[in-house]
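> So the sequence lines, in the order shown, correspond to chains A and B.
Just so you know, we're using our numbering here: the first sequence kicks off at 88 and counts up by one.
Just so you know, we're using our numbering here: the second sequence kicks off at 495 and counts up by one.
Read the hints as simulated data drawn from the structure, not as lab findings.
Owing to the predicted nature of the structure, the values given are computational and were not obtained by experimental measurement.
Any given hint could turn out to be false.
[As the list claims (entries may be wrong)] The calculated label-pair distances, taken between Cβ atoms and stated as ranges, are:
1. A/113 x B/587: 42 to 50 Å
2. A/109 x B/657: 43 to 51 Å
3. B/514 x A/118: 45 to 53 Å
4. A/128 x B/544: 37 to 45 Å
5. A/128 x B/587: 34 to 42 Å
6. A/115 x B/621: 28 to 36 Å
7. B/628 x A/128: 18 to 26 Å
8. B/677 x A/115: 26 to 34 Å
9. B/559 x A/90: 14 to 22 Å
10. B/677 x A/128: 15 to 23 Å
11. A/88 x B/514: 44 to 52 Å
12. B/519 x A/112: 25 to 33 Å
[To be verified] Stretches of chain B that chain A covers, calculated by requiring three or more beta carbons in the stretch to come under 8 Å of a beta carbon on chain A:
13. 575-581
14. 617-629
15. 633-640
[Unchecked claim] Non-contacting residues of chain A with respect to chain B, defined by C-beta distances greater than 12 Å in every case (computed):
16. 109
17. 117
18. 118
19. 139
C-beta: ideal position from N, C-alpha, C; glycine also.
Each chain, written out:
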Amino acid sequence: MRSLDDLTMYVYGLLDESAELEIRDHATRCEGCRAQVDRIAAEHRLLENALRSKTAPAAAPPPRPEKRGRLRR
Amino acid sequence: MQRVNLLATETDEDLVRQVRLGDPEAERLLTLRLYPGVLSLSSRLLQDPEIARDSAQEAFLRAFTKLHQYDDRHRFSAWVFRILVNLVRDLHRRKGRVITIELEPDDWPCHEPIPVDALIREEDARRVRAEVDRLPDSSRVALLLHFQQGLNGREVAYALGISHVAARLKISRAVAKLRQRMGGGA
Numbered sequence: 088m089r090s091l092d093d094l095t096m097y098v099y100g101l102l103d104e105s106a107e108l109e110i111r112d113h114a115t116r117c118e119g120c121r122a123q124v125d126r127i128a129a130e131h132r133l134l135e136n137a138l139r140s141k142t143a144p145a146a147a148p149p150p151r152p153e154k155r156g157r158l159r160r
Numbered sequence: 495m496q497r498v499n500l501l502a503t504e505t506d507e508d509l510v511r512q513v514r515l516g517d518p519e520a521e522r523l524l525t526l527r528l529y530p531g532v533l534s535l536s537s538r539l540l541q542d543p544e545i546a547r548d549s550a551q552e553a554f555l556r557a558f559t560k561l562h563q564y565d566d567r568h569r570f571s572a573w574v575f576r577i578l579v580n581l582v583r584d585l586h587r588r589k590g591r592v593i594t595i596e597l598e599p600d601d602w603p604c605h606e607p608i609p610v611d612a613l614i615r616e617e618d619a620r621r622v623r624a625e626v627d628r629l630p631d632s633s634r635v636a637l638l639l640h641f642q643q644g645l646n647g648r649e650v651a652y653a654l655g656i657s658h659v660a661a662r663l664k665i666s667r668a669v670a671k672l673r674q675r676m677g678g679g680a
C-alpha cells in the first residue's frame, strides 16, 4: 500500500510525471490502493464543488486600463 | 459598445502573444475572460468588496504593465493570481490580518444547471467552505488556487512564489487538516 499522502498527491495531480506513472502502475495491481484512490477522487470532487469559482456579475466589468485608478492605500 | 467574443478559440496564451504585439483588443478580451475568477478569489481573501475589486483591477494593471516579467511556461492566469496574492500580502502587512468572507452560492449568479450531486452535497460543501476559511492564510490561498481556480501544483507554486515541492506540501497538509476537522481520512 502507498501512503495516503502519496495517493492524495497522485489524485490531485500534484506529482511529477515519473512519480505519477509509478503510482498509476502500482494502483493497477493493488486493490487497496485502487479503493483508496476512488475515495480520494470523491473527496477531490467534493472540495472542487464546494470551492469552485462562481461567475462574477456581468454588470461589473473591469474598467479599461487607462481608466483604472491605483489601488487605494 | 463593441462586443467581444469570450468564446473565441484563442487560448489565453495566444492572446498574450497578441498583447505583446500591441493588440489592445486582445488585452481587453483576456481581462474580461479572467476577471470573474480573479475577483472571486480577491473577494474570498479580502473583507471589503471595494478593496477586493480595486485589488483585482490592480492585479490586471500590473500583469500587463509587467508583462515582460511573465514566465510563459505557466498559464497567464497563474501570473495574474501571483500578482493578486502579492497585493493581498501587502495589504495584509499594512493592515494586519486579512479576514476572509464566506461567499454563499447565491452571491454570484450562476448560469449553469445545478447538478443533482451538488444539491445532495450542499450541506457538506458549506461545511468545507467554513473549514477552509479557518485554515491559515497561506494554506487557504493554495487550496483556493487549486480547487477554485483550477491551477495545478506548478502553477500554484508560481502564483505563490514558492517551489513546486513546497506548494505540494501546502496543499496536502491543508487537505490533511481538513480531513482531521471533518472526521475523514479518505
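> Hint numbers the structure violates, sorted upward?
2, 9, 12, 13, 19
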